[in-house]
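Protein chains: 2
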Amino acid sequence: MTAETATEEVAGEQGIWRIDADRLWDRLMTLACIGATPGGGVDRQALSAEEIASWRTMIDWALSAGLEPSTDAAGNLFIALRGADRDAPPVLAGSHLDSQPGGGRFDGVYGVVAALEVLTTLAGRGVRPPVDIVCVAWMNEEGSRFAPGMMGSEAFAGVRSLEAVRAVRDAAGISVADALDALHAAFPALRRRPLGFPVAAYVEAHIEQGPILEAQERVIGVVTGIQGKKTFDVVIEGERGHAGTLAMVERRDALAAFTRIATALYAEIGGHDDAVKFTIGRLQVEPNAPSVVPERVTLRIDLRHPDNAVLEHLGQRLAALCDSLAAPCQASVTPLVDAPSNGFDPALQQAIAQAAERIGQPHMPILSAAGHDARHMAPLCPSAMIFIPCRDGVSHAEHEWAEPAHVAAGANVLLRVLMPYVGAGA
Amino acid sequence: MTAETATEEVAGEQGIWRIDADRLWDRLMTLACIGATPGGGVDRQALSAEEIASWRTMIDWALSAGLEPSTDAAGNLFIALRGADRDAPPVLAGSHLDSQPGGGRFDGVYGVVAALEVLTTLAGRGVRPPVDIVCVAWMNEEGSRFAPGMMGSEAFAGVRSLEAVRAVRDAAGISVADALDALHAAFPALRRRPLGFPVAAYVEAHIEQGPILEAQERVIGVVTGIQGKKTFDVVIEGERGHAGTLAMVERRDALAAFTRIATALYAEIGGHDDAVKFTIGRLQVEPNAPSVVPERVTLRIDLRHPDNAVLEHLGQRLAALCDSLAAPCQASVTPLVDAPSNGFDPALQQAIAQAAERIGQPHMPILSAAGHDARHMAPLCPSAMIFIPCRDGVSHAEHEWAEPAHVAAGANVLLRVLMPYVGAGA
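Taken in order, these protein sequences are the chains called A and B. Heads up: the first sequence begins at 1 in the working numbering, then just goes up one per residue. Heads up: the second sequence begins at 1001 in the working numbering, then just goes up one per residue.
Check the hints yourself; a few may be wrong.
To be verified - Derived CB-CB ranges, DEER-like: (1) B:1320 / A:39: 30 to 40 angstroms; (2) B:1275 / A:36: 49 to 59 angstroms; (3) A:39 / B:1317: 33 to 43 angstroms; (4) A:53 / B:1056: 44 to 54 angstroms; (5) B:1320 / A:40: 30 to 40 angstroms; (6) B:1247 / A:330: 29 to 39 angstroms; (7) A:330 / B:1298: 19 to 29 angstroms; (8) B:1249 / A:399: 20 to 30 angstroms.
Calculated directly from the structure, the hints in this document are not laboratory data. Note that beta-carbon positions come from the ideal geometry of N, C-alpha and C, so glycine has one too.
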């Protein structure tokens, strides 16, 4: 008898188990008040006072359900439903609580609250699974305050050292080290786990952040993988001069050089094919004074493609264009993130599709265009992601929105995908 | 007998009067220490603690020479050599003490210290001229902290209201009103003049901020006028989105729209002819986050041309290009500064040329490519400017440099140009 059939038998006694849709929605809206922006969105950046406040609320909910909160040196938050064998690798489900500066109410926080809802539902039924089932909120997925993001999952997975993570500073000069220490100081009684431990499986629920599910009228996206991503810092060095006196032909204007480079990049890289995503999201001009010819432009490029060969080619082409078009200025390109496309566990993908069918929700396979912490869990253990639609495909914006029915459906799918791990203990 | 010949006779007794070149240079270097930057430049922005410190030093020097400091409601600093008729319109000479954030040791401060040196020389000889001869330091010429600049001379000349000037805020949210009050509070005993009063003549010494005098091996530039200048604020509005999920064709990327617009502006406006100066000196991207498609780009354009008809044409063309190339974003263009070219007083130009000849310095007529406070004095009274070379034509930069011999020559020319106003009192 497999765990799945055992669960079905138990669940069958009272019909199919469901999460509490109202509680889940109320909790999402409660967390949306922590860092709420005037436009209806959320500003709850990594390791901020707002994120600390969201931890406090999460921990209160966890303790009131008999769940066990803990953290690690990378500032990840864990909330465990205790299993019979506490030394065995646990099953993890979650996402992140931090948001973009002008972010929405669902990106990240949905996957964490959905996982907490599953654990709360199981705890409410007195379940004691064979191993711990753990809700996780990874530290700094967004990377908007401390760049680049995914710090918590990367440190957990050993992709980046804790030392490298702690050395990063925000625009105000505050280090991750100091911000992490402040976070931990706010919760002195919280148990500390070692950084990184064996995991049996990882499942992350998230809004799609794209328009496909909505257009196809599907409620559940069975995520096949995450498209590859490269990021680059580019520094263009020119020479400052007086805007009123320096002849145009004598200028080494860094912003004019940027314009030449960006024109080529938008056309050749951004226009390569329908699948490419090319963004210059951050740009800084120095000295940024009205009557001074700019001497330096610093920019961050975000390049994504599902095909690793194409991604590799475009990354090389991008650097070559920066180099060849900068004259009479000089451009230097520093690669930062280099994450190839990855595929998720086929058996978990099948389990997600089956769960959607059992609860009568239309589903489809979908590639994740956005990066997620699950990228770093996939090499460690069977991993998967569940997508739900978001209105007009909008995310990283104050008007980001997901329907309550879809929010509930995704959490119910998560519950059913985790049931085999709950197994005979249910 | 004209004032000029009277002065010549008096001066003839001891040969030609000269300013103290060492004192002048020492004072320039002393002021360069106030707001000194690591790279050898100066950061002494308008109404900053550094500018207040430079006032204190200037006032100390003034009082020790028996000169009379005063100020007005716009934060201009006046230092008077008392004349016989104190109600008659005075003669003014000066420039500004504020610098760009990464400015040099001469831009502005040279004209002020040269004027103070002339007054100190005259006072040391016991001169009592028929009217006050006044050194002036205009408030906020540069416009880097509070934009746009020339606030003090514009308020003095009635070009801009004091209320409009006081309402401007810096990047930290501090208003000119508050900064002015702090300036005046630092000098409670300083006499307050009314804002704006009749002036008999105005002469401003300044570094050229261009390469012409150096290339032509001339020490004195007889400034014929100031080229026209227009500035514009442009706001490009798009829509934010997720860098990893939003398809390129569906984007309204404000930075991509900027790139299209800027490409056309650099080519068509910046490439219009050899005389045009076109600069995008300040640019801000929002939300300026690495993985967010930019929703808004704000930029400041600086456009200059000696021919008013061309300047007018280019200003209109610029706005049309912004409008037509913004799609699918929207661009709005707000004109700020609109200052046509102006010509300086012919008699004063002749006096400058004659003075240079008398002290044996090669001179030439020259158009000022940079804007100066003298622009706003020219409609009020006979006005003129004296240029000296600066190394490689560089200004608004830490390595801005002028030779001590040229610094002295410009001040000696200023002394001689002012001698007719000193007249029989000498």
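Checked hints:
1. Checked against the hint of 30 to 40 angstroms, the pair residue 1320 of chain B and residue 39 of chain A passes, with Cβ atoms roughly 33 angstroms apart.
2. Restraint check, residue 1275 of chain B to residue 36 of chain A: a C-beta distance of roughly 54 angstroms satisfies the suggested window 49 to 59 angstroms.
3. In this structure the supplied range 33 to 43 angstroms holds for residue 39 of chain A paired with residue 1317 of chain B, their Cβ-Cβ distance being about 36 angstroms.
4. For the pair residue 53 of chain A and residue 1056 of chain B, the beta carbons lie near 47 angstroms from each other, so the given range of 44 to 54 angstroms is met.
5. In this structure the supplied range 30 to 40 angstroms holds for residue 1320 of chain B paired with residue 40 of chain A, their Cβ-Cβ distance being about 37 angstroms.
6. The hinted range of 29 to 39 angstroms is satisfied by residue 1247 of chain B and residue 330 of chain A, whose Cβ atoms lie roughly 33 angstroms apart.
7. Between residue 330 of chain A and residue 1298 of chain B, the C-beta spacing of about 27 angstroms keeps the proposed range 19 to 29 angstroms intact.
8. In this structure the hint that residue 1249 of chain B and residue 399 of chain A lie 20 to 30 angstroms apart at CB holds, the actual value being about 21 angstroms.
In the structure shown, no violation is registered for any of the earlier numbered hints.
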